[in-house]
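Required output: the full structure, derived from the provided sequences and hints.
First to last, the sequence lines map onto chains A and B. According to our numbering, the first sequence is numbered sequentially starting from 1. According to our numbering, the second sequence is numbered sequentially starting from 1.
A portion of the hints provided could be inaccurate.
Stated by the list, open to error - Each pair of labels, with its calculated beta carbon distance range:
1) A:L170 / B:D63: 46 to 56 Å
2) A:Q194 / B:R84: 22 to 32 Å
3) A:K184 / B:D100: 25 to 35 Å
4) A:P174 / B:R67: 48 to 58 Å
5) B:R105 / A:N181: 30 to 40 Å
6) A:L91 / B:D63: 42 to 52 Å
7) A:N181 / B:R157: 42 to 52 Å
8) B:Y36 / A:A161: 20 to 30 Å
9) A:N108 / B:R157: 33 to 43 Å
To be verified - A few chain B positions that, by computed beta-carbon distances, are all more than 12 Å from chain A:
10) R6
11) A11
12) E16
13) A20
14) P21
15) V29
16) V55
17) D63
18) Y66
19) N89
20) T95
21) P143
22) L147
23) H156
24) L159
Calculated from the structure, these hints are not laboratory results. No residue lacks a Cβ here, since even glycine has one placed at the ideal position from N, Cα and C.
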Amino acid sequence: MRDDCLVAVMQGLKQVGFGAGETLAAYEKKLFSGATEAPVNIDAPIEVQRRRITADWADYNGHTNDSRYMQLSSEALDVFFRSIGFSNDYLATGRSFYTLESHVRYINESKVGDEIVVTAQVILLDEKKVHLHSVMSQTDGTVVATGEHIYLHVDTKLKKACPIGAELLLLLAPIAKAHANLPKPEGVGRFVGQSVK
Amino acid sequence: MTEALRQQVNAWQVGEKINAPLDVYRCKVIQEWVDYNDHMTEAAYLTVFGWASDVLFQFIGVDDGYRSAGSSFYTVETHIIYEREAALNDSLKVTTQILDFDAKRLHFNHEMFNVATSQRLSTCEQMLVHVDSTAAKASAIKPSVSLALEAVLASHRSLPTPPEVGRIMKIKRKN
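Quick look at the structure:
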């Protein structure tokens with residue numbers, strides 16, 4: 001509980017860039033620079049992140065705020081991008097991914113202290129775009145939320161779409177190929193309000 | 001910090017004219033919303049839309065009193081389309097269109113604009129369910145709120161349904 005409070009205070013300070021929060025923001029930026037290890041088992045959705053829900057993410061009932069699932073999904077997929085070589089060095093070449101669309105479905109509640117496992121699955125890859133799906137679950141497998149995002153690869157100087165770099169495709173293309181054999185996740189390709197069953 | 005982003009509005013009163021779409025929420029892009037390029041991050045788009053939803057809730061009478069009496073709306077789905085970037089200090093406005101509601105559900109669409117250029121930056125379609133927060137179960141929207149929603153919907157029915165609404169996310173293939 002005390003640790004939860006400390007983390008909440010520090011994350012709060014990070015938002016306003018003050019004191020310990022400033023240090024934390026700099027540290028997190030540094031964390032981003034390091035490309036993570038390439039995924040090992042690509043024949044299934046890839047576990048990209050495990051994260052404990054902290055007090056600053058919850059409402060007065062101790063339930064995770066719905067906007068945090070969007071953050072959880074997009075930050076976990078950032079980890080996925082890092083794992084395929086999307087690093088600060090790559091960004092420095094003037095290329096990046098911009099998000100075009102995000103669709104989050106909220107399935108079950110989670111609470112402060114819960115550990116959430118996020119998996120990533122490639123739905124489709126083409127020359128300039130990648131369509132990813134995330135599943136956010138409790139450690140017992142209960143799904144709390146799903147995310148679906150489309151990213152466009154851009155030349156950041158020209159502000160125009162451009163083909164995804166070969167150095168990323170080296171890892172991304174085999175994953176997309178392997179994931180093409182997986183069943184399509186239940187939430188994919190739904191419009192808002194469409195019933196699942 | 002966050003309270004500064006909140007915009008207070010009065011709850012709708014019977015007989016009061018309702019704008020189509022609702023056009024209330026205004027803010028400026030603040031430092032904590034931007035990345036190292038000074039562009040607003042994805043998560044911040046949802047934060048802005050969240051404050052616009054807060055205005056809608058106040059307008060239809062879902063306020064702290066309503067919530068502390070044990071009723072609330074929970075979001076079931078959120079679909080955001082990012083069309084243009086926003087930069088630090090840009091002035092933003094959000095308009096809100098009620099698309100539909102029934103006994104327990106509420107479906108609406110927000111649109112975010114850059115005030116200076118009038119360009120649309122993003123849209124956010126959401127489905128919410130009304131819940132009894134003590135029982136953690138779906139429950140009927142209270143009559144006072146339904147009445148307000150009926151009035152908003154009556155005003156918004158004349159608006160065209162935005163083409164993004166009900167869109168399925170997919171990569172369009174050229175061949």
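Status of the hints after comparison with the structure:
1. A:L170 / B:D63: 46 to 56 Å: Between L170 of chain A and D63 of chain B, where Cβ atoms are some 54 Å apart, the hint holds.
2. A:Q194 / B:R84: 22 to 32 Å: 27 Å, holds
3. A:K184 / B:D100: 25 to 35 Å: Given a distance of about 28 Å, which is inside 25 to 35 Å, the answer is holds.
4. A:P174 / B:R67: 48 to 58 Å: 49 Å, holds
5. B:R105 / A:N181: 30 to 40 Å: 36 Å, holds
6. A:L91 / B:D63: 42 to 52 Å: Taking Cβ atoms as reference, L91 of chain A and D63 of chain B lie about 44 Å apart, which means the hint holds.
7. A:N181 / B:R157: 42 to 52 Å: Given about 46 Å between the Cβ atoms, the range holds.
8. B:Y36 / A:A161: 20 to 30 Å: 21 Å, holds
9. A:N108 / B:R157: 33 to 43 Å: Given about 34 Å between the Cβ atoms, the range holds.
10. R6: The claim stands: R6 of chain B keeps its Cβ more than 12 Å from every Cβ of chain A (closest is about 15 Å).
11. A11: 22 Å, holds
12. E16: 29 Å, holds
13. A20: Holds: least Cβ distance 21 Å, greater than 12 Å.
14. P21: 17 Å, holds
15. V29: 14 Å, holds
16. V55: The claim holds: V55 of chain B sits with its nearest Cβ about 16 Å from chain A, beyond 12 Å.
17. D63: About 15 Å separates D63 of chain B from the closest Cβ of chain A, which puts it past 12 Å; holds.
18. Y66: Its Cβ never comes within 12 Å of chain A, the nearest being 14 Å, so this holds.
19. N89: Given a closest Cβ separation of 16 Å, the condition holds.
20. T95: Nearest chain A Cβ is 18 Å from T95 of chain B, so the label holds.
21. P143: 24 Å, holds
22. L147: Nearest chain A Cβ is 23 Å from L147 of chain B, so the label holds.
23. H156: 16 Å, holds
24. L159: The claim stands: L159 of chain B keeps its Cβ more than 12 Å from every Cβ of chain A (closest is about 17 Å).
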